[in-house]
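Peer 1: Take a look at the letters that make up each chain.
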Amino acid sequence: MEKNHVANAVKAMVIGGSAGSLQVLFNLLPLLQNHLPFAMILVLHRRHSADSSLSELLSTKTLLPTCEVEDKDRILPGHIYLAPADYHLLIEKDESFSLDYSEKINFSRPSIDVTFESAAEVYGPSLVAMLLSGANEDGTKGLSLVKKAGGTTIVQNPETAQMPYMPHHAMMHTVIDHVLDVRQMSHYINNLR
Amino acid sequence: MIEDEDVELLLNDLVDIYGYDFTSYSKASLKRRIVRLVSIDKFPSFAEFRYKLRTDENYLKRFVEEITVNVTEMFRDPSFYKSLRDDILPVLGTKPFIRIWHAGCSTGEEVYSMAILLKEAGLLRKSLLYATDLNPSVLEKVRKGIFPLQQMKQYSESYIESGGLKDFSEYYTAHYGQAKFEKELSEKIIISTHNLVSDSSFNEFDLILCRNVLIYFDKDLQDRVLKLFDASLGTLGYLALGTKETLKFSVIQNKFKQLNREKIWKKIM
Chain X
1 MEKNHVANAV
11 KAMVIGGSAG
21 SLQVLFNLLP
31 LLQNHLPFAM
41 ILVLHRRHSA
51 DSSLSELLST
61 KTLLPTCEVE
71 DKDRILPGHI
81 YLAPADYHLL
91 IEKDESFSLD
101 YSEKINFSRP
111 SIDVTFESAA
121 EVYGPSLVAM
131 LLSGANEDGT
141 KGLSLVKKAG
151 GTTIVQNPET
161 AQMPYMPHHA
171 MMHTVIDHVL
181 DVRQMSHYIN
191 NLR
Chain W
1 MIEDEDVELL
11 LNDLVDIYGY
21 DFTSYSKASL
31 KRRIVRLVSI
41 DKFPSFAEFR
51 YKLRTDENYL
61 KRFVEEITVN
71 VTEMFRDPSF
81 YKSLRDDILP
91 VLGTKPFIRI
101 WHAGCSTGEE
111 VYSMAILLKE
121 AGLLRKSLLY
131 ATDLNPSVLE
141 KVRKGIFPLQ
151 QMKQYSESYI
161 ESGGLKDFSE
171 YYTAHYGQAK
181 FEKELSEKII
191 ISTHNLVSDS
201 SFNEFDLILC
211 RNVLIYFDKD
221 LQDRVLKLFD
231 ASLGTLGYLA
241 LGTKETLKFS
251 VIQNKFKQLN
261 REKIWKKIM
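So the sequences go chain by chain: X and W.
So the first sequence is numbered by our numbering: it starts at 1 and just counts up by one.
So the second sequence is numbered by our numbering: it starts at 1 and just counts up by one.
Hint data in this document are derived by calculation from the structure and do not stem from the laboratory.
Any given hint could turn out to be false.
Below, computed lysine to aspartate or glutamate pairings styled on EDC-like, alpha-carbon distance capped at 20 Å [claimed, not checked]:
#1 W:LYS227 to W:GLU184
#2 W:LYS126 to W:GLU187
#3 W:LYS219 to X:GLU70
#4 W:LYS27 to X:GLU103
#5 W:LYS219 to X:ASP94
#6 W:LYS219 to X:GLU103
#7 W:LYS31 to X:ASP181
#8 X:LYS93 to W:ASP199
#9 W:LYS27 to X:ASP73
#10 X:LYS93 to W:GLU5
Using the sequences provided together with the hints, build the complete structure.
Peer 2: Written as structure tokens, this is what we have:
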């Protein structure tokens, strides 16, 4: 954690999650301070039909401005962005979003790997990526690319995950900097600079 | 690892040699698809990929097919189609003749969805649907009107959700895992290649649909294409975009008024 304070100011945090991850966010968001100096980008697997009410639901848990991404939205610090259902979410060099409706990856659209990879390329060492509960392999490849680009990797402690497979799979296949439960996550995030 | 500079060189080649201009596409998505293609086709280096593309026109065809995203479906976003049924078609129905442009139609699932709506509104007879895409091979699929049968269950559900009252299977005949849509629908579809980057306006339309195409363009190209749409729409014509696309902050924003929660705008000046 010290290294983040000294070396690279965090510009973005990407969080990926699948089954069981929503509850984690509901518990985590109220614990965050009301001003974060970086953008928080959420990529969650969800049913297509769940459409746009999820961002409204999340926004009831935090005072940070929360919205579902529209194409070419600018990425601003202190905001929480949610990947829209059924699109891949990519990040451009000029720190704006673009959407993509190409094939599903790992049976998923949005794919966590796609966003993590794209974020790693843009933010490099200024990125923190965190993978939550889930029952598939999406996110592992993305985390390894974040690590390769010099970013920080975190997984939810599998013992606290409703579906431990996803964070566990990432731990087995790539280098993870921190394994955290919800309270530790909030402490870690609130101290990021 | 493919560098951004490599991608730029490649895109400049395509303009110089073939006149295909992808330089204003959204970089993140374009690069991802190029990386994917280099890996699928097992090129040992980017230089060899670039050489193949420069020298082999057949490979260019494959490149265009693989780089442009051709994932689409019938009655995608049923509430959008419901709004077309309830809010747009009754207005268009008062006209003696209806011209609709599906820009970047890909394999045509949305064009057939629209033809079905028009038929059910009793308007198909006096309508023409222009289906265009830059990729000639997908247009062949539009012409045939044949789609995988395994998708029909989901399409049927979306159709019902959009307010459809018929048995969806009335519209196609099933054969060897394929669904062929009835001829009456395809007879009203005019198919042509059109590149939104380089080609100009070719008619005046009452409704233009361009859904999930602009997401692949950068902001400047989006503005250029939106101006093209503006120039191709009659007064009080409608423009329909994908659910996460917007006219907000665009150059034509003030000439259009959003109709409702769906991404449909009316041209007011």
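Peer 1: Evaluate each hint against the coordinates.
Peer 2: Results of checking the hints against the structure:
no.	hint	verdict
1	W:LYS227 to W:GLU184	violated (33 Å)
2	W:LYS126 to W:GLU187	holds (12 Å)
3	W:LYS219 to X:GLU70	holds (13 Å)
4	W:LYS27 to X:GLU103	holds (18 Å)
5	W:LYS219 to X:ASP94	holds (11 Å)
6	W:LYS219 to X:GLU103	violated (23 Å)
7	W:LYS31 to X:ASP181	violated (36 Å)
8	X:LYS93 to W:ASP199	violated (28 Å)
9	W:LYS27 to X:ASP73	holds (15 Å)
10	X:LYS93 to W:GLU5	holds (13 Å)
In the structure shown, a violation is registered for the earlier hints numbered 1, 6, 7 and 8, in ascending order.
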